[in-house]
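Chain order of the listed sequences is A, B, C and D.
Mind the numbering: the first sequence is residues 0 to 340 in numbering that gives the first Met the number 0, read in order.
Mind the numbering: the second sequence is residues 0 to 340 in numbering that gives the first Met the number 0, read in order.
Mind the numbering: the third sequence is residues 0 to 340 in numbering that gives the first Met the number 0, read in order.
Mind the numbering: the fourth sequence is residues 0 to 340 in numbering that gives the first Met the number 0, read in order.
Bear in mind the hints are in silico, worked out from the structure with no lab data behind them.
We treat Cβ as the ideally placed atom computed from N, Cα and C, and that holds for glycine.
Check each hint, because a few of them may be wrong.
Said to hold, decoys possible - Cβ pair distances, simulated, as ranges: (1) Thr251/D x Ser35/A: 40 to 46 Å; (2) Glu43/C x Gly85/D: 48 to 54 Å; (3) Arg84/D x Ser35/C: 56 to 62 Å; (4) Ser197/C x Gly265/D: 47 to 53 Å; (5) Ser197/B x Ser101/D: 51 to 57 Å; (6) Ser35/C x Ala105/D: 53 to 59 Å; (7) Glu102/C x Ala330/B: 49 to 55 Å; (8) Gln54/C x Leu182/A: 18 to 24 Å; (9) Glu257/B x Phe325/C: 53 to 59 Å.
Chain by chain, the residues:
Number of protein chains: 4
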Amino acid sequence: MISVGIINVTGYMGAEAARLLRRHPHARLTSVTGRSGAGKSLGEIYPHLGPVGLQVVEEVGDVDVVISALPHAASAAALLPLLDRGLPVVDLSADFRLKSASEYEAWYGVAHPRPEALARSVYGLTELHREAIAASKLVAGPGCFPTSAILALAPAWRAGLITADIIVDSKTGISGAGRGLDLANLYGEADENVVPYSLAGHRHLPEIGQELAGLRESPPPRITFVPHRVPMTRGILTTCYAPLAPGRESTTAAQALELYREAYAGEQFVRVVSSPPETKQTLGSNACLVYVTVDERTGRLIAISALDNLVKGGAGQGIQDMNLMFGLPEAAGLDDIGLYP
Amino acid sequence: MISVGIINVTGYMGAEAARLLRRHPHARLTSVTGRSGAGKSLGEIYPHLGPVGLQVVEEVGDVDVVISALPHAASAAALLPLLDRGLPVVDLSADFRLKSASEYEAWYGVAHPRPEALARSVYGLTELHREAIAASKLVAGPGCFPTSAILALAPAWRAGLITADIIVDSKTGISGAGRGLDLANLYGEADENVVPYSLAGHRHLPEIGQELAGLRESPPPRITFVPHRVPMTRGILTTCYAPLAPGRESTTAAQALELYREAYAGEQFVRVVSSPPETKQTLGSNACLVYVTVDERTGRLIAISALDNLVKGGAGQGIQDMNLMFGLPEAAGLDDIGLYP
Amino acid sequence: MISVGIINVTGYMGAEAARLLRRHPHARLTSVTGRSGAGKSLGEIYPHLGPVGLQVVEEVGDVDVVISALPHAASAAALLPLLDRGLPVVDLSADFRLKSASEYEAWYGVAHPRPEALARSVYGLTELHREAIAASKLVAGPGCFPTSAILALAPAWRAGLITADIIVDSKTGISGAGRGLDLANLYGEADENVVPYSLAGHRHLPEIGQELAGLRESPPPRITFVPHRVPMTRGILTTCYAPLAPGRESTTAAQALELYREAYAGEQFVRVVSSPPETKQTLGSNACLVYVTVDERTGRLIAISALDNLVKGGAGQGIQDMNLMFGLPEAAGLDDIGLYP
Amino acid sequence: MISVGIINVTGYMGAEAARLLRRHPHARLTSVTGRSGAGKSLGEIYPHLGPVGLQVVEEVGDVDVVISALPHAASAAALLPLLDRGLPVVDLSADFRLKSASEYEAWYGVAHPRPEALARSVYGLTELHREAIAASKLVAGPGCFPTSAILALAPAWRAGLITADIIVDSKTGISGAGRGLDLANLYGEADENVVPYSLAGHRHLPEIGQELAGLRESPPPRITFVPHRVPMTRGILTTCYAPLAPGRESTTAAQALELYREAYAGEQFVRVVSSPPETKQTLGSNACLVYVTVDERTGRLIAISALDNLVKGGAGQGIQDMNLMFGLPEAAGLDDIGLYP
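Same shape as in the complex, but just chain A (with noise of 0.2 Å):
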């Protein structure tokens, strides 16, 4: 059993962290800090939270392995200290997901405070970098829509089937915005509506540029993506579209979803579906799915993720790191299943 401790357990991924926790059957979940709400106890901020009977303390405690829920910067400058004393972290922000220390400033528009430790960082797309996560004591969890593309483009991509001209429109309920108080997150803004953003370019797009440039020598990918907010709480579902590669223009849909099989063989949590996949499948579960189909017609593949944003996009790939690194079941503590209706 391992202790377990929370940074910033007052947002909704720290929550998600915490609610996931509450039933790992070899992790306890014992020391949770928030900036706001330290002094309080857990259940005052979040009521469901109540049974786990801990209080928000500004210091994280004496535990085997942090994570932290902090917004980026705020999370690196956290983290410093404690990687320092050489405590196993899992960093569910965007401070140790980028190689590149100026593609971090240009993005974020702050300098990274410890370049250094970008190089030993791992991105904790599990899928992808298993091995190196449960070697690492520094593990970047993947931005919520950066792990729905990577899943979804990843084998056609390895493969060579597409070019790099991809289009990526992913569509997000609102929890991916956070529990501030924005405008924009209020019912009245966010009920019945669908509401593009970030079109001059997102966060989130560099992480998908990155992963998908370790998986194929060539010319980088050449990345648009939207994301879209949508009427609902969780959830994201991605729709990516690339041209078929010269010479792979005959692909089958039925030879792409082969090729997806083969490549997602044996995982847990990522399935290859046979129907187009729906975010409501993966409510509450770490499960992304994953589809690949080709539109005849013109010649494109289309692949198609969904997920939860909380879950895998988030919290509970963390705890996925956090069991790799321990040794421990890659599923302890995760559900594979959604909750349905």
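Position chains B, C and D relative to chain A; hints supplied.
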């Protein structure tokens, strides 16, 4: 490890039982039936249940216990042969809830096929009938509304704190109506809508009366019950109103709350909360949150409960019953905290 | 053609008044103010209102009538100088609804700045005070909950059909909470959730009591009122319960319905319906649907109303008042049928 | 004042036409038919339409113009005799949209009953075919997706700004599926869910191609179109992606926006907006909001449109067509601002 069969897995209640059993540490789902789905895989009917890996069959196989998620009348018909064989049964339908066969016939419009079985069935509201459930082979899972109303009212009613003039106003998610193709269940009809129904008398009314009557020797309660459909999938919030009884008019909110705390002390799934509960705090969990206060201007008690209609209001409570029947830990396979947000 | 100014167009209620005036055949919106938005175009604050083509200014210009959508206290402060100038005013806040300054202070926590104005203000519930509204220069638009409760109860209460023991259970969409940045208004908190609130006494309670008391000489009503937030943007459904009065216990549902039909005969916006109303049937319209029945098991009357809280429960009723004040057709600019689905 | 008949008022599209005609200043709804509802009052089928005061009949009466809201095939069958009589017709079905009878048969699976009528029907996208509509007696109301896609793409396509490699990713509310009793339309299935569908080719695809092909002499567009259902009742947001054409790669976002502003200058219902549009800004109105930008990293144009599928995407556009056909003000009976929030 006990083996479990679900009769009629194709409805929402049956599917929910399958979901919960997926991570039960001491029970395994080994057989599922479905009226229309026989011959299909479970994953064809409910893609999220694909990993369960079962085929839907016509007759439940050789199992240790059966959970029936059939509608009333059909359920009794299917269960009678199993009961005759002595198989332990949890029936989630209404067929074995009412002790009076004539009342059953009056409300359900069909004669009860085995009135004598009503005498030995146990009403599966765990917090009221724990010992009898543990000793029974035929447990009737309570209705979703009665679970919420009885848990909200029982402490005050049993203690004589309120008169018999009880108003029960319930707000339910749409999943309570099942997966049937009714116009009122269409998204376009139910979204952004509040719909009162069954004004002439909902079938769950006699259950509430029967169980309250069993708690106190006095004239039976005189209950007005109005359910309302609200635009969400899961959850019931029930608001109960009753005058403070003569001689008890000076009861304070704090005293009422203390009475409730004592009544549910030691219960893992029924939690008395100190501010009004919200249905979302129970989503996907077996929790029922209960709150009580006194409207001092008018001398009325207000008791409120929140639960997930498919879990504590259905399949979860059925598994709680099953756990008791087999001497398993009562909470096995069940969450006590909800999926939030 | 009269010219209209809206004070505080930046809240939901002010924006709704602007929407409705957009197609008013006899009135034109010529001036809008907003606390935070002064200097911006209306389309910057509310893109859907861009075609209105107005700038938000600090002080309302030269207009024939002002509609105030400010919160209480701020509204009275802003309106006093206008009232002194003799400008006709429709105040959608609570500042001129209660006849008693001391009751105002007790519920709103501030002393009323002009108690003598309360005597000449008219409570703008058109169906109750049509003539007085037409003769007034200061109309207080009723609260959204009081509109729904009073219209549901008035015929039975006035006719002596029910006792004073009244329960009012309301379900409201989230827009009723306004556009403020409160945690409870976030999509992630309000979606898939039912939330009871103001258990200790909602500020709309005294309005209901005041108006019912004015309809019948007898002990005043003893009302318990509990509002609930449900996951939709607009709409209020109010369910009222009261015992049939002594001597009236044999009243049938049909008789009660006939009483209501007579009471509202000739009303265009209050429609007595023959089956339980649904909020969605009133979406965007000025209609209030009313239904009444009798629970014969218990001798209680159940009266239900449905309306759009921003229209008949707010800005629409305010325009109906304005129409009366200026001798315009009462229904000008207002729909009597809703947006469905 | 013209008299209007609606064929098949019982679906959502027919009911929406009835709602809009309710306040049309120059047209009156005098006759409504419905396949299942004949003999009932309109208020029995749609309570919100009760005040319209019509009976549903089997055959449309003596009217000046007919709006058909029947499904394809059924619509043509019902309209042929009326066309033969010379009655002006707006057909909201797909039956007269495609110019090629063989393409109709390929996509709809039935032979067209009157191929020669296709030559004289006019595609009712007002902004493209205003004059032809005004001169026609048979107008085919465009599909909801094509309206959104064509309005988003037309200016860039016509100007040669983009290549033929077009991706159209649409997000639609559930009402687009109609009022039929399909499992996918149940609230429990559609709520909190994003569902891609018709991956093998949606029937609205050929309309988009036909209309774009008519705007530019060049190889026809090669469109991949994927619709997604999102949990709301009304609204379509369509996101279109296409590479900037050779020689036009240096086009800036501002230049593209200016091109669009010029293209739609003078249009009341198509508004080019300066930030990404949201479906809710069009709720219940006949507006289509269009936005365009350039992804400078990749040289792609992104064009986005938002509309209400039942109004500009259906019945509203049909009434706009009707207004043109009868020389009425084009905007009569139609709102240009939406219901917000």
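Here is how each hint holds up against the structure:
no., hint, in the structure
1, Thr251/D x Ser35/A: 40 to 46 Å, "holds (43 Å)"
2, Glu43/C x Gly85/D: 48 to 54 Å, "holds (50 Å)"
3, Arg84/D x Ser35/C: 56 to 62 Å, "holds (60 Å)"
4, Ser197/C x Gly265/D: 47 to 53 Å, "holds (51 Å)"
5, Ser197/B x Ser101/D: 51 to 57 Å, "holds (53 Å)"
6, Ser35/C x Ala105/D: 53 to 59 Å, "holds (56 Å)"
7, Glu102/C x Ala330/B: 49 to 55 Å, "holds (50 Å)"
8, Gln54/C x Leu182/A: 18 to 24 Å, "holds (21 Å)"
9, Glu257/B x Phe325/C: 53 to 59 Å, "holds (58 Å)"
Violation of the numbered hints given earlier is absent; every hint is satisfied by the structure.
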